[in-house]
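J.: So the chains spell out like this:
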Amino acid sequence: MTVRIQTADFDVSAEIAALRRGRPAIGAVASFIGVVRDVNEGSKVAGMTLEHYPGMTEKAIEEIVSQAQARWSALDTLVIHRVGRLNPADQIVLVVVASAHRGDAFAACEFIMDYLKTRAPFWKKEETGGGTRWVEARESDDIAAGRWRLKG
Amino acid sequence: MITVLYFARLREGLGRGQEQLALPAAVRDVEGVRALLRARGGQWQQELAPGTAVRAAVNQAVAAGDTPVADGDEVAFFPPVTGG
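Those protein sequence lines, which keep their order, are chains A and E. Under this note's numbering, the first residue of the first sequence carries the number 1, and numbering increases by one thereafter. Under this note's numbering, the first residue of the second sequence carries the number 1, and numbering increases by one thereafter.
None of these hints come from the bench; they were simulated from the model. Check before you lean on any hint, since a few could be wrong.
[Claimed, not checked] A short list of chain E residues far from chain A (calculated; beta carbon distances all over 12 Å):
hint, residue
1, Met-1
2, Gln-20
3, Leu-21
4, Leu-23
5, Pro-24
6, Val-27
7, Gly-32
8, Arg-38
9, Gly-42
10, Ala-49
11, Ala-61
12, Gly-65
[Stated by the list, open to error] Going by beta-carbon spacing under 7 Å, a handful of chain A positions derived as facing chain E:
hint, residue
13, Val-35
14, Glu-51
15, Pro-54
16, Gly-55
17, Lys-117
18, Pro-121
19, Phe-122
20, Val-135
Since we're looking at a predicted model, the values are computed, not measured. We treat Cβ as the ideally placed atom computed from N, Cα and C, and that holds for glycine.
My request is simple: use the sequences and hints to build the entire structure.
T.: In structure tokens form, the structure reads like this:
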């Protein structure tokens, strides 16, 4: 498991190649990339700044990845999340899950993203024509994370 | 003493990101710390008012109102998260 919080951009292809190197048991790699949109809540977004809670952020993501690894068979997992100022079309987050078969990789990747959205301590502040505003949490994100709750 | 951290909208609204706070003997949990801060009035009363969406962590783990707080702990208050 690798978790990195950084201001720099990331190269998806290079990251996946590094994760796969020397691991012939890997048969499936699922990845998710989150990107800055130029519109949110009906306003044009010129950019945003991502703040986080150093220390807790890493622990929270490691805990989420551990939960995913307990539920699905993942051979390796990588999460990179950027902080600081970002422009529209910039990459924000990368989640990569490598497994023997696609089912585990797809499910674990989506689970990690859904939990990261509701549990990892990041906050976005957007720049719009009317000034800056903190992005409000979405109920739909709580619902998305809630889908993964184990029944019984 | 405990360390109290504030993030994002709360950090801006309260005008600080961090402080050291003497923990009165009667304050034993997260809700107690929040009430102690709220008693400062003004922005503190407003930002930490009951019913406002404020999340908390103790020693960098997500906490509830009744999560215990003891001397030496790091307590953080912040809005619901919006990463990803």
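J.: Work down the list of hints and note, for each, if the structure agrees.
T.: Each hint tested on the structure:
Its beta-carbon lying about 19 Å from the closest one in chain A, Met-1 of chain E satisfies the requirement of being farther than 12 Å from that chain. Every Cβ of chain A is farther than 12 Å from the Cβ of Gln-20 of chain E; the closest lies at roughly 17 Å, confirming the non-interface assignment. The non-interface label for Leu-21 of chain E is consistent with chain A: the shortest C-beta to C-beta separation is roughly 18 Å, beyond 12 Å. The Cβ of Leu-23 of chain E lies farther than 12 Å from every Cβ of chain A, with a closest approach of about 20 Å, so its non-interface assignment holds.
For Pro-24 of chain E, the requirement that its beta carbon stay farther than 12 Å from each beta carbon of chain A is met, with the minimum near 25 Å. Once the 12 Å rule is applied to beta carbons, Val-27 of chain E is consistent with being away from chain A; the minimum gap is 22 Å. No beta-carbon of chain A comes within 12 Å of the beta-carbon of Gly-32 of chain E; the shortest separation is about 21 Å. At the 12 Å boundary, the C-beta of Arg-38 of chain E stays outside the reach of chain A, the nearest C-beta of that chain being 21 Å off.
The claim that Gly-42 of chain E lies off the interface holds: its Cβ sits roughly 20 Å from the closest Cβ of chain A, which is beyond the 12 Å cut-off. No Cβ of chain A comes within 12 Å of the Cβ of Ala-49 of chain E; the nearest lies about 17 Å off, and the non-interface call holds. For Ala-61 of chain E, the non-interface assignment is contradicted: its Cβ lies about 7 Å from the closest Cβ of chain A, within the 12 Å cut-off. No beta-carbon of chain A comes within 12 Å of the beta-carbon of Gly-65 of chain E; the shortest separation is about 18 Å.
Contact between Val-35 of chain A and chain E, as hinted, is not supported at the beta carbon level, the nearest pair being about 11 Å apart and thus beyond 7 Å. A distance limit of 7 Å between C-beta atoms decides the matter here; for Glu-51 of chain A the minimum to chain E is near 6 Å, and the interface restraint holds. Taking 7 Å as the C-beta cut-off, the interface hint given for Pro-54 of chain A is violated, the closest approach to chain E being about 9 Å. Interface restraint check for Gly-55 of chain A: the shortest CB-CB distance to chain E comes to about 5 Å, inside 7 Å, so the restraint holds.
Annotation: interface hint on Lys-117 of chain A holds; nearest CB of chain E at approximately 4 Å, less than 7 Å. Because the closest C-beta pair between Pro-121 of chain A and chain E is about 5 Å apart, less than 7 Å, the hint holds. Here the hint on Phe-122 of chain A is kept, as its CB sits about 3 Å from the closest CB of chain E, short of 7 Å. At about 4 Å, the closest approach between the beta carbon of Val-135 of chain A and any beta carbon in chain E falls short of 7 Å, and the interface hint on this residue holds.
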